[in-house]
Each structure stands twice: as C-alpha cells, then as structure tokens.
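Quick note, the sequences are listed as chains W and H, same order.
Quick note on numbering: my numbering labels position 165 of the first sequence as 165, and the sequence is numbered without any gaps.
Quick note on numbering: my numbering labels position 401 of the second sequence as 401, and the sequence is numbered without any gaps.
No lab work stands behind these hints, which were simulated from the structure alone.
Please note that a few of the clues may not be correct.
As the list claims (entries may be wrong) - Cβ-Cβ distance ranges computed for the label pairs, FRET-style:
| hint | chain 1 | residue 1 | chain 2 | residue 2 | range |
| --- | --- | --- | --- | --- | --- |
| 1 | W | Ala137 | H | Gly34 | 46 to 56 Å |
| 2 | W | Trp126 | H | Leu48 | 47 to 57 Å |
| 3 | W | Gly74 | H | Asp57 | 54 to 64 Å |
| 4 | H | Thr77 | W | Phe301 | 31 to 41 Å |
| 5 | W | Phe48 | H | Val287 | 40 to 50 Å |
To be verified - Partial list, computed: chain W residues near chain H (C-beta under 8 Å):
| hint | residue |
| --- | --- |
| 6 | Asn63 |
| 7 | Trp70 |
| 8 | Ser150 |
| 9 | Gly277 |
| 10 | Glu278 |
Remember, predicted model here, so these are calculated numbers, not experimental data.
Even glycine gets a Cβ: it sits at the ideal position worked out from N, Cα and C.
This is what each chain is made of:
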Amino acid sequence: MATLTEAVRSTPAGSARKRATRTRTDSSRASATYYWMVWPAVIAFAAFHTLPVVVGIFFSFTNYAGYGAWNFVGLSNYLNLFRDDRVLQAYGFSFLFAIVATILTNAYSLAIALGLNAKIKARNFWRGVYFVPYILAILVIGYVFQFFFSNSLPKILSGIPLFRDNILTNETWAWTAIVALAVWQACAFAIIIYLSGLQTIPAELYEASSLDGASPWRQFRSITFPLIGAFFTINVVLSLKGFLQVFDPIVALTNGGPGTSTESVTLLIFRGGFSGGEFAYQTANAVVFFIVITIVSLFQFRVLQRREADF
Amino acid sequence: MRTTHRRWIRPLAVAAIAATAAAVGGCAQQPADGVTTLNFFQFKGEALEDFNEIIADFEAENPDIRVVQNQVADADTAIRTLLVKDRVPDVITLNANGNFGRLAQAGVFYDFSEEPVLDTINPAVQEILADLGTYGDEVNGLGYVNNANGIIYNQDIFDQQGLEVPETWDELIAVCDALMDAGIQPFYGTLADSWTGIPSWNALGAYPAQDGFFDKMREQGADVGPESEVSFEKDFTEAMDRQYQLYSYMQEGYRGKTYDDGNAAFARGESAMLLQGIWATNPIKQVNSDIRMGIFPYPTDEPGESLLVSGVDVVFTLGKDNPKHDAAMRFIDYVFQPEVIERFAQSQNMVPSVEDAELSDDPALQSVRPFFEDQRITGFIDHQIPPAVPLIPTDQQFLFDGDTEKALQTLDSEWAKVAARTIPVTGE
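Looking at chain W on its own, in the form it has when it is part of the complex:
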C-alpha cells in the first residue's frame, strides 16, 4: 500500500517535470512578474526587521541613553551583563517559567486535543470554546485574572493562607499564578496544532490495531504519539520560545513583583531600557537573549526531530 506521503509526492512530481522542461526552453529565468512579487517583500522585511536588528546590535556597542550624545564603548556592555546578578536572576526566572509552562501547555493541549478529536457530542462547539482564550487580548484577560487572584480567590479559598493573602504578592509562589494565566491562554493555539496533527492519522491504523487487541493506551503510545511527532516538535519549540519571551502576563499580574522575583528577561530589557535610561546596556542584553533563544530552539529541533517517526 502506498503511504499518504508517497501518494502526495508522486502526482505533482510527474507533471511538474513536464512543465519544467517547457519553461526551460522558453527562458532560463522565471518571468519578471515573480521578481515584482518578491522584491516588495524583501525590501519591507529588510526595512522593518533586518535593519532595526542591525541598528540595535550597533547601539549595543555604545553608551547611548536613548537620547543625546554617545560614544563607542566596545564590549563593556556585554562584560557588565555577566557581572549583573539581576540579569542572571531574570534568565533563571525566564527558563524556569518557560520549561514549566511548556510542559504543562503541551500535556494539557494534547489531552484536550485527543478529546476534541474523538466522536463527542457538539464537537465543533467544544472546539470553539477552547479557542476563545486565543482571541482575547492577554492584557484584558490579565486584569480579569488579577482581580480573580487578588479579590475572588482570597474569599473563595479563605482557609488556605497562600490564597487568602493574595498569591500574587507571595514571593515564592507568585510565578505559579503567571504560569496559570500563560498556560490557559497558550493551550488554545497548541490544541489547534495538535488537532490538525491528529486528523492526518488514517483511521485504518486504529481499526487494524484494535483488531489486534491493542488497548487505547497502547494505541496512543504506538500510533498516535509517533505519528504526530512533527506537530509535537513544532509545538514544544514554539511554546518554549514564546514562554522564554514572556511579558504581557507578568505586566498584567505582578509587574515583576513582589520585589524582582517575577522579572523576566524581556521585562528587564523593557524596564531598564526605557524607564531606566540604560538603552545601550539593555540592547546588549536583548542581543544576548536573541542568541540564547536561537541556540535553544535549534538544539530542540535537532533533539526532537531525531525521535520523530518517519514514514
């Protein structure tokens, strides 16, 4: 039996070959129309993305305060970064937060996606309900959650000291409230990706395996999970990248507090750079953070792709 991928690959490959020979005889290059389509995108991308990044990297080697005169200071900003325990603490918080939130998001989303993929009543309605958090603006929801944590929960769970005293002002546990909000919102999108992954699995596989007497758990372990491996990879990489850059939920819930215990790297860059008058120093921090995220994402891809089922 030809697999799905083979079937998909074989048809266009055959016809494309024919078309390719014909174009090649007309002209060795694609027609000008394609260039007209590509150039605006290249220019816009360079102007609004690449150029600001380069300018940012440039200023990270200066002592620019955001206004006024400046000098080149070489690598001092970068050296000072590694001596700044506040920066190191922010990296520690960001990684702890991102790892916990990624694990929770993917576990919940996968479970919910499995449920939404099953033959349940009002399936489309439930799928819609679970997508709602993604539509709402996180800052708006953040303030709803803030009210919930600081006013509702202390009354509902007045027996538990942690909640009675407003968990957001608890130095040790405030981050869990931020995880709750971030996971609640991030699940919606992860569920969609998992659902689309689950729909690529042919139903025959489940039929065959149930004839062989495989339990649902065994089916999940040996069929479902390996076959949605690519979707798992992309979800984990995207979640970790997104959670490392966490910003809005923190602003809405704790604003980095109590103390600096929930200060993420992005919040530190924003605060120090814009209100702290250390534009160049925090730009250096942003450059380092960019490199760190790139490395982490590439590393994840390599590790996760190695164990994806290939068929």
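Based on these hints, arrange chain H on the given structure of chain W.
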C-alpha cells in the same frame, strides 16, 4: 466622472501639503501682523483647563502674544526627543523629577539667576530644584506648585480619641499604640501596588540623606559598599527599620490591597492614618467629600526638627537660546503673579511656590503651611537614585520580609553596578 474626480484631487493634495508645511513651519516664523506665537509645552493632563483659562486672560492683556498649549502624554520622553532634534518649545512645564535634573545638567535650559521673578519664589523650593541637578551654578527652572508627602490623618478620629499630631517618633508610635488599644486601625497598607511603599521610604530616608549624602554617593560611584564613607548600609538602617515598624500597624491583608482600596478605606474611616501624600486627598474626597483630614510630616527624634518632604510638581523653564525669549519671559512673569498661581494651586490642590500667594483653605493644605513658611521642606530622595536601580521592588520586598540588611545590601550593590557600567559620554 473620473476626470472631474482627478481634477479635484490635485489641488486638494497641494492644499493639504501647503497646510501641513504652514503648520510645521508656522511656529518658527514671525508672522507679518506682529503677533508672536509661543509654543507652550505642558505636561500635566489635569491642568489642561486651568492653563487654558490662564492663557485666555494673558492673551487678553497681551494682544501681541499668542500662546498655543501643547498638552503631551509621556512628557519626559517627548521633551527628550524634542531636545535631541533641537526643536525646543518656547515655554516648558515639567514635573521636577530626576529626569528634569538630568536635562538641566545637560545645559539645555535658560539661566534664570538674573530674572526678578526668581526673588518672589520660596528659596526652599528652588533648593529642591537645585538638588536635582543644574548646569554649573545656573538656575535652570522656576518651581511653580509643590506637593507634600506626609502622613494623612483623619481629624475626626484624632479628636474623638483625644490625640495630638505627633511631634517626635516616639509620639507617633504612642499614637499608633493608643489607636490599637481603642480598636482602631492605625494605617491602611496597600502593598499590592508596589510604589505605595515609596512615599514613606522617601520621607524617613530624607533625614539620613541630609548634608550631601547623595553627593558623596555619586563621588564614590562604584565603590559604594559597607566599607565606604557613606552608603545605604551605613546610614539607612534606622530609616528602614522605622518604615518596617510602621508597617507592623497595618490592617490584615495589607499585602493584597491596592492604592485605590486604601484611599476608599481611609475615606470610609476604616483607618486613622494613611502613608500617602497630598495627591491622595482628591481621590479620598471623591469617596467621602465630608472627611476632615490633615497631613503631617514623618517625625524624627527631636521635636521641631521634622522636615516635610515636598516635590516640585510643576516647574517652568525655557530653552537656552530662544529668539522669542522676551515674549516667553512676559508669559512666565504673568503666570507667577500671586493671583494667577493661587487660583491654579487651589484648583490643583497644591502649594504655590510664590511667597505672597495664599494657600487654599483646604485643611490638609493648611496643616502643612508652617513647613513651607519656615522653609522646613526637603526633596524626594528617590529622584537622586538612578532609575536603573530597582528601588521600588527592593523596598516592597523589604516590607514583605523585613530583612533590612538584605535590602540595604541590594541597594548598595545595585548603585555600585549602575555606577560601574554608566560610561560617561566623552567630549567629541
């Protein structure tokens, strides 16, 4: 149809461009009719209407000057961008915070030291401005109205309990204990908003910060630490301990309450005092307009030595070399007339800086009047601390865990780190 459409568009576009050009270029040129237009940069949103009235009266008296008020959001950023582009507004108002001091040090503002209007202003107010930073020995701004940072108290509760306004620290603690014994909550804490810890820190820290503490700190720069001549660890222990002591008289659950909660609770009489400044009186009155409240400074050990912490809420200044200087100065002279400043200060619930101006009869303002008259006022010390030092979170954290030593160490090490990595801009 289409051609008529086109014919319309071109003149329209030309007119639009011309109008934009006139609007942009207009402020730079002297119009033919001899009327000078002043571009007035105004930061305070609440004061928009007050200034509109002042401008209308001024223009009626001075038909050859027209004042255009530009009320801007986020004025600190806006003025920096304008200064960088060399497009200095003709008349400027700003909040006199650390940012104002840094701009003044950069030498972008006019020197008022020879202007007669300077002699009408309370010297203590000008001293607060000078502490923020000036260019050499210049006077780079004129204080307009001041706020007051003290302990707000409910006069009815104090009268019922037969309590006097405390003059010394021990009397303040005695008042708190007496209130506790009477079953009345002394203070209402609102630490869910981290900044609400800072007013009391500023006021108690003002005492150790006298006599050039911050000048010495800046000299030491990266060497600040427990061994240096002055440092937070050396000089601020008592101030921090006292702040923590005050927080032991807070209501239950004060960590989870916000600034708005605190104002509402105080307005309803749920606490006898509030650790906030004069700016809180308006929101309190919105909840309960009948409340009788006063404000007193955080006392120190000796009676009669307490200092009221006050910030210059609105400072007036001008650009250094302004072709329209004479007109701008006439506007400033008008604005600083006692009648004008009185009306403005009353409407904004602030203390006017001009010595002949009368305070509004609001009891809260009247209670701080002697401190302004005797010049027993001092500035906000957080304006002296670089904004990159996380002062607010550190103090909030300290009020949670009470670890004085750790908080002071953090402040010292952050100060030293910021000093070490701040590389001054060298000449060319």
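Going through the hints against the structure:
1. Ala137(W) / Gly34(H): 46 to 56 Å: 53 Å, holds
2. Trp126(W) / Leu48(H): 47 to 57 Å: At roughly 51 Å between Cβ atoms, Leu48(H) and Trp126(W) fall inside 47 to 57 Å, so the hint holds.
3. Gly74(W) / Asp57(H): 54 to 64 Å: Holds - the Cβ-Cβ distance for Gly74(W) and Asp57(H), about 57 Å, lies within 54 to 64 Å.
4. Thr77(H) / Phe301(W): 31 to 41 Å: 40 Å, holds
5. Phe48(W) / Val287(H): 40 to 50 Å: The hinted range 40 to 50 Å holds for Phe48(W) and Val287(H), with Cβ atoms some 48 Å apart.
6. Asn63: With a closest approach of 4 Å, the Asn63(W) hint holds.
7. Trp70: This hint holds: Trp70(W) lies near chain H, its Cβ roughly 6 Å from the closest one there, short of 8 Å.
8. Ser150: 5 Å, holds
9. Gly277: Gly277(W) check passes; min Cβ-Cβ to chain H is 6 Å, inside 8 Å.
10. Glu278: 5 Å, holds
Violation of the numbered hints given earlier is absent; every hint is satisfied by the structure.
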